[in-house]
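Student: So the sequence lines, in the order shown, correspond to chains A and B.
End of the first sequence = 224 in my numbering, gap-free, step of one.
End of the second sequence = 1227 in my numbering, gap-free, step of one.
It is possible that part of the hints are untrue.
Claimed, not checked - Restricting the straight-line Cα-Cα distance to at most 16 Å, the calculated cross-link-like pairs of lysine to aspartate or glutamate (EDC-like) are: (1) A:K57 to A:D23; (2) A:K114 to A:E83; (3) A:K197 to A:D78; (4) A:K99 to A:E83; (5) A:K57 to A:D7; (6) A:K114 to A:E103; (7) A:K61 to A:D115; (8) B:K1013 to A:D7; (9) B:K1023 to A:D77; (10) B:K1013 to A:E140; (11) B:K1023 to A:E103; (12) A:K114 to A:E140.
Because the hints were derived from the structure by calculation, they are not lab data.
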Amino acid sequence: MLAVAADRVWKYFGDYPALRSTDLHVEAGSCLALLGRNGAGKTTLLRILAHLSRPTKGDVKIHGTIGYLGHGIGVYDDLSALENLLLFGRLQGVKNPAKAADEALERVGLARVKDGMAREFSRGMRQRLAVARAFLHHPEILLLDEPFTSLDDKAIAVLQSLLESALTGGATIIMSTHQIREAMELATHVAMLERGKMVHAGPRTTEMLTDPGWLYRTYGEQTS
Amino acid sequence: MKRGLVTAFVIAKKDLQTELRTKESINAAASFALVILVLFSFAFDIAREEFYAISGGLLWLVYSFAGALIVNRSFSRELPNDCLDVLIASASPAWGIFLGKAFAAFVLLVVVELLSLPVFGLFYNIQWVPVFWPLFAIMVLATWGITVVGAGLSALTVNVRLRELMVPALLYPLLIPVLIAAMQMTTALLSSDPFSLATDAELRLLIVFDIVYSSLALYLIEFILVF
């Protein structure tokens, strides 16, 4: 069963086509690493899948609740860690937001500082709070835009463990990334965008795992 | 429907809670309103009766300027850390997010208006206490008009670099009907008996304005936020 189906998606910014007839089909329960150079259209595609942007043309179907972790951490500086999670828990219709927030804070190691204001947290703590926020409602589909970028070691470990348990629990993960090694360890599928066009999509192979540069050498710079 | 109303409640509570902590908008709006009222009282050298004649105009000019300061922050307060993206991605109905933001701005502006009234009465020697409840009714209707249009424009300009200038520039022309109606009703109320027949048309105008602009904003907000 498909969790995400995007067909012939185009997205124009003015005259510039950021996505050009892009197709993406992701099976439920799989983990897709979305690769591509800067400006290839990864963020644009993820924003469309997260309902943050409308495609200019094409169809997008999402089957399941979404958890989104974008470039910004998406937490309020003037609310405490607990208040942030309670807010998003209520917005996402979590049945017992207080319990879910406490559990999420425990998972990311912020339970002791749950009443501290987000603005008083270190960068790493804020990132872990963002991870807790994205996973709070146990989403069926996780959309992660370069999730490992600028994370500290602890946050990377927390995120990897949460992603592994989400995948075990049947969640679908789509993550854009430049950190190919980290992504390949988790990915079951790999897709590659090149100048707004999907040039490869398929299961992750052993070649990709042992030689992360192989994909770029094989599929990179194919479109004109 | 229920999800949208829950969203509105949660967003309004969050906006008021953060505003209570930072006092970013309310300090600016309240101090602006009070200073303008005090300055105008020294600027005009007119008889007491004439103060009654300009009372509605003066009050609503001050309220509309203070309102612009408040609604300007409605959606731009979501920009740090890309919080607006997370709100939209949470699948909360866009109209619920808008309603919550408009309601929070409405509460803040009503608070500023109530804080200004004693200063207005004191410096202009105008008796507003006997007509407080009809005046409050006008304030509620006109303030909702100001905040629903203002919050809509705040959403429309949230990604524009010059949004602090764009919101007032777009807001005041749209507010002309609601301001004229509120000014005339307030002047009539403060200078004579409450709600004469002459104010019926203005009252209807305020109600229709609120309904039309609320419906438009709630319908269009999805297209404004996600494009």
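Student: Provide an ascending list of the numbers of those earlier hints which the structure does not satisfy.
Tutor: 3, 7, 8, 10, 11 and 12
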